[in-house]
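Participant: Can you build the whole structure from these sequences, using the hints too?
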Amino acid sequence: SLCAATLSHLNTLLERAERIRTQQRKDKDKLYALHAPEAECIGKGKARKPYEFGVKASIALTHKSGLMVGARTFPGNPYDGHILAAQLEQTGILLEDVGRIPKQVVVDAGYTSRENVLALDQCGVAMFGRSIETDGRVHQRFARCGVTNAFLPEAFRFDATGNTFTCPEGKLLKPQRAEERSGRTMIRYRASITDCKACSQRENCCSGNTRYGRSIVLTKEHPVVTAFKATTASAWPTLATVAPPSRTSTKA
Numbered sequence: 016s017l018c019a020a021t022l023s024h025l026n027t028l029l030e031r032a033e034r035i036r037t038q039q040r041k042d043k044d045k046l047y048a049l050h051a052p053e054a055e056c057i058g059k060g061k062a063r064k065p066y067e068f069g070v071k072a073s074i075a076l077t078h079k080s081g082l083m084v085g086a087r088t089f090p091g092n093p094y095d096g097h098i099l100a101a102q103l104e105q106t107g108i109l110l111e112d113v114g115r116i117p118k119q120v121v122v123d124a125g126y127t128s129r130e131n132v133l134a135l136d137q138c139g140v141a142m143f144g145r146s147i148e149t150d151g152r153v154h155q156r157f158a159r160c161g162v163t164n165a166f167l168p169e170a171f172r173f174d175a176t177g178n179t180f181t182c183p184e185g186k187l188l189k190p191q192r193a194e195e196r197s198g199r200t201m202i203r204y205r206a207s208i209t210d211c212k213a214c215s216q217r218e219n220c221c222s223g224n225t226r227y228g229r230s231i232v233l234t235k236e237h238p239v240v241t242a243f244k245a246t247t248a249s250a251w252p253t254l255a256t257v258a259p260p261s262r263t264s265t266k267a
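Going by my numbering, the residue at position 132 of the sequence shown is 147; the numbering climbs one at a time, nothing skipped.
One or more of the hints may lead you astray.
[What the hints assert, rightly or not] Ranges between beta-carbon positions, derived for each pair:
no., residue 1, residue 2, range
1, Q191, A51, 49 to 57 Å
2, L133, K79, 22 to 30 Å
3, G58, V239, 29 to 37 Å
4, G91, R36, 19 to 27 Å
5, R36, A101, 30 to 38 Å
6, Y47, Q105, 20 to 28 Å
7, I74, V239, 25 to 33 Å
8, R63, Q191, 40 to 48 Å
Hints listed in this document are in silico derivations from the structure and should not be mistaken for laboratory results.
All C-beta atoms in this analysis are idealised placements derived from N, C-alpha and C, irrespective of residue type, glycine included.
Facilitator: What follows is the structure in structure tokens.
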């Protein structure tokens, strides 16, 4: 006769098999592997391989020698930028016996957020990675709204004395409100709706906005974030040739 443990394991496999048989294409929390129920479908956004199956893993290597000093899995497919602190915590624990702590971290674009730059600075750790600029996405958003290149934010002139912007058609945009976010202050400047409705270039600037005048946002970065951008612009190309961008590299 089968022992209780064997029967329990068999029942578990039968339950998983039935779950795989009955689950539908659009069901949530689907089971993808009979012997690895923790496996998830992870969208990679690549034409060659749009999806992969498994669990997100983070590996920490020493920068020069490539020695593994940390490895963790993160079920639930969390955003890369949210797992850096946990990975460094594990690395710090594993290095305690040799009396070393990470002083520099080389990461790929998924980890380079303002939150991580500030958090690592508080711990005395310098971070190097790709730029956190979002100009490309901003331009794409403007293009979807019908804004032509002549009316992108860089075409607006800022007057520090009057704290105003002037659009390419000579209309003023005045400050409306400031919003504090992690690592930056964002100040929105807006033109008068009267000026925009009367403007001959409205179709090229803000045709989809019928309630408000055209606005742009001025971002004031935290000094630590500004320093990170300046440093990584010159250091990242060299570092990237040593540290594979798919992993987290540490320097103790």
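Participant: A separate judgement is required for each hint: does it hold in the structure or not?
Facilitator: Okay, the hints, checked on the actual structure:
Our hint of 49 to 57 Å for Q191 and A51 holds, since their Cβ atoms are close to 52 Å apart. Checked against the hint of 22 to 30 Å, the C-beta distance between L133 and K79 comes to roughly 27 Å, which is consistent with it. A hinted range of 29 to 37 Å for the beta carbons of G58 and V239 is consistent with their spacing of about 32 Å. Hint check: G91 to R36, Cβ distance near 25 Å, so the stated range 19 to 27 Å holds.
Range check, R36 to A101: about 36 Å between beta-carbon atoms, so the 30 to 38 Å window is met. For the hinted restraint 20 to 28 Å between Y47 and Q105, the CB-CB distance of approximately 26 Å keeps it satisfied. A C-beta distance of roughly 27 Å is found between I74 and V239, which places it inside the suggested range of 25 to 33 Å. Separated by about 45 Å at the C-beta atoms, R63 and Q191 satisfy the suggested range of 40 to 48 Å.
Of the numbered hints listed earlier, not one is contradicted by the structure.
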